[in-house]
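So the sequence lines, in the order shown, correspond to chains D and B. The first sequence lines up with residues 1 to 317 when you count with the working numbering. The second sequence lines up with residues 1001 to 1317 when you count with the working numbering.
Calculated from the structure, these hints are not laboratory results. Some hints here could point you the wrong way.
Using 25 Å as the maximum straight-line C-alpha spacing, the simulated PhoX-like pairs for lysine-lysine come out as follows [said to hold, decoys possible]: (1) B:K1265 to B:K1238; (2) B:K1265 to D:K265; (3) B:K1311 to D:K265.
Protein chains: 2
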Amino acid sequence: MYIPTFDDVKEAQKRISPYIHKTPVLTSSFMNELSGAELFFKCENFQKAGVFKVRGASNAVFGLSEEKAVKGVATHSSGNHALSLAYAAGRRGIPVTVVMPHTALEAKKAAVYGYGGSIVECEPSTSSREETFAKVVAESGADFVHPYNDPRVISGQATCSLELLEQVGKLDAVVAPIGGGGMVSGTCLALSNVAPETKIYAAEPKNADDAFRSFKAGHIIADDAPVTVADGLKVPLKDLTWHFVSSHVEDILLASEQEIVDAMKLIWQRMKIVMEPSSAVPLATILKNKNTFAGKRVGVIITGGNVDMNKLPWMKS
Amino acid sequence: MYIPTFDDVKEAQKRISPYIHKTPVLTSSFMNELSGAELFFKCENFQKAGVFKVRGASNAVFGLSEEKAVKGVATHSSGNHALSLAYAAGRRGIPVTVVMPHTALEAKKAAVYGYGGSIVECEPSTSSREETFAKVVAESGADFVHPYNDPRVISGQATCSLELLEQVGKLDAVVAPIGGGGMVSGTCLALSNVAPETKIYAAEPKNADDAFRSFKAGHIIADDAPVTVADGLKVPLKDLTWHFVSSHVEDILLASEQEIVDAMKLIWQRMKIVMEPSSAVPLATILKNKNTFAGKRVGVIITGGNVDMNKLPWMKS
Chain D
1 MYIPTFDDVK EAQKRISPYI HKTPVLTSSF MNELSGAELF FKCENFQKAG VFKVRGASNA
61 VFGLSEEKAV KGVATHSSGN HALSLAYAAG RRGIPVTVVM PHTALEAKKA AVYGYGGSIV
121 ECEPSTSSRE ETFAKVVAES GADFVHPYND PRVISGQATC SLELLEQVGK LDAVVAPIGG
181 GGMVSGTCLA LSNVAPETKI YAAEPKNADD AFRSFKAGHI IADDAPVTVA DGLKVPLKDL
241 TWHFVSSHVE DILLASEQEI VDAMKLIWQR MKIVMEPSSA VPLATILKNK NTFAGKRVGV
301 IITGGNVDMN KLPWMKS
Chain B
1001 MYIPTFDDVK EAQKRISPYI HKTPVLTSSF MNELSGAELF FKCENFQKAG VFKVRGASNA
1061 VFGLSEEKAV KGVATHSSGN HALSLAYAAG RRGIPVTVVM PHTALEAKKA AVYGYGGSIV
1121 ECEPSTSSRE ETFAKVVAES GADFVHPYND PRVISGQATC SLELLEQVGK LDAVVAPIGG
1181 GGMVSGTCLA LSNVAPETKI YAAEPKNADD AFRSFKAGHI IADDAPVTVA DGLKVPLKDL
1241 TWHFVSSHVE DILLASEQEI VDAMKLIWQR MKIVMEPSSA VPLATILKNK NTFAGKRVGV
1301 IITGGNVDMN KLPWMKS
């Protein structure tokens, strides 16, 4: 297992900068009053492909040798990594195949096709996804870019909090959502090097609390097919992300489904931005744990904005 | 009838700058490809109180003498001017009363109360609104700040396109939604002075096309209670806004209800911003009139972001 270093992050930052946005950081006096903290929202919903994952995917795709690149890339993903990889491969002009649960959001499938990617569908469980994917890779010889358990991907995601710190200066804490742990691992990798005093909190849906239980138990616990509105956060930790989460995360905080939806709606209403349920988990946990963050300067990672507009979680479908 | 001058605009800009945001201008490669034009979205949905109208309201409120200010201000409004005036009066610490149709969006009523304003309800028609309001003013002695037919308000709204030009440089055209004509009049007042070569287009719902018919007929035609999803654009032109619209507007372009809703949904999905139906009318008309705007640098005024999240126009309620 190769563990990426801060040199890999600096290299990633140079490599991907032509293909990604330097996303804005928004503040809101309403949210500051409500939370009692000073919040800095890093808006990766405005990122290319609508999500931070384009950072890691671009780092993997543009780091490939010419020889490897011609065979293309492949991945499995609940959606956002898929379209990020499709975006990056499209920019480089190489083939990309993604294995995706047939229940994935239509908006995400459409975006993968829009970038020129191919989709192979599987059942909405971790086991089915991994089985189907093994077949695809065996047939195509494509380079496997894992959604999160890949040093190239983690180095790419790390550029997000590096950028955040360049934009707003010192922070007391950063709160990022956790599913497989790619964003959180990147945050750990960047901050443990440039701002070791900044505490890193992972925010997780109570309905998919495998990272929380892993963190408390001291080893990886994986669930198959948890059910949560935060559909980007259903996947389990793997060895590489477990390495970062177990060494650098201060705590993992949980939020209920209702708390996540309420936080999402509040951000849409008050900050006038479109972001996905996964991105609302950090604010939901901050509002639940006010004492932890009171008076602190806190970075909040808004991870993405890819939402099915016909299925908003506070509306009847 | 006092017709505001460019000096009034410069004075307004100085007067209101401590109380308003310099809002960002967003661009979208997707929208540019779709339209064939280069679009610059001036995002007043990120403005204080969620709407450009806070510019005009702040100019009126902070321009009052101490003597007048203590009696407070009052207005009638379909919503956004109401909460803008409530915001401005709140910042100055003076009383504010608004007459509002009982059908106004709950989100807008709540925001008026949130800023400390009082509401008197009326029927959802222009005539009922004006009758109810006359009573309120007679009783309170408050200063009447009309939603749009007021030189102080128009001078304030004019700061929006002035700011847009400072941010992006020369434009071939600016497209703004038209209801009563306050934003369009402000745009005319600013651009006819600093960029007379920039063409000004007003965008109007076909279901509330009184400005369009007025423009073609050469005199004001007013409808009572038109029905459109763009609830901020139901009010008719008045003498002062008619002055600007009839002298400086290049054309008034119409969009159907479906075209407005489609444009709104597209902006939410692709640009990841929350904005209201009225703000989608400009893009809807641009996409309908591609030849007019092809290859041009076009400013698009996103007027506001105050939406009832429980009643999105593309969802069943």
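Results of checking the hints against the structure:
Between the alpha carbons of B:K1265 and B:K1238 the distance comes to roughly 31 Å, so the proposed pair goes past 25 Å and is violated. Of the supplied pair hints, the one linking B:K1265 and D:K265 holds, its CA atoms being roughly 17 Å apart against a limit of 25 Å. Restraint check for B:K1311 and D:K265: satisfied, since their Cα atoms lie roughly 13 Å apart, inside the 25 Å limit.
Consistency note: the structure conflicts with earlier hint 1 alone.
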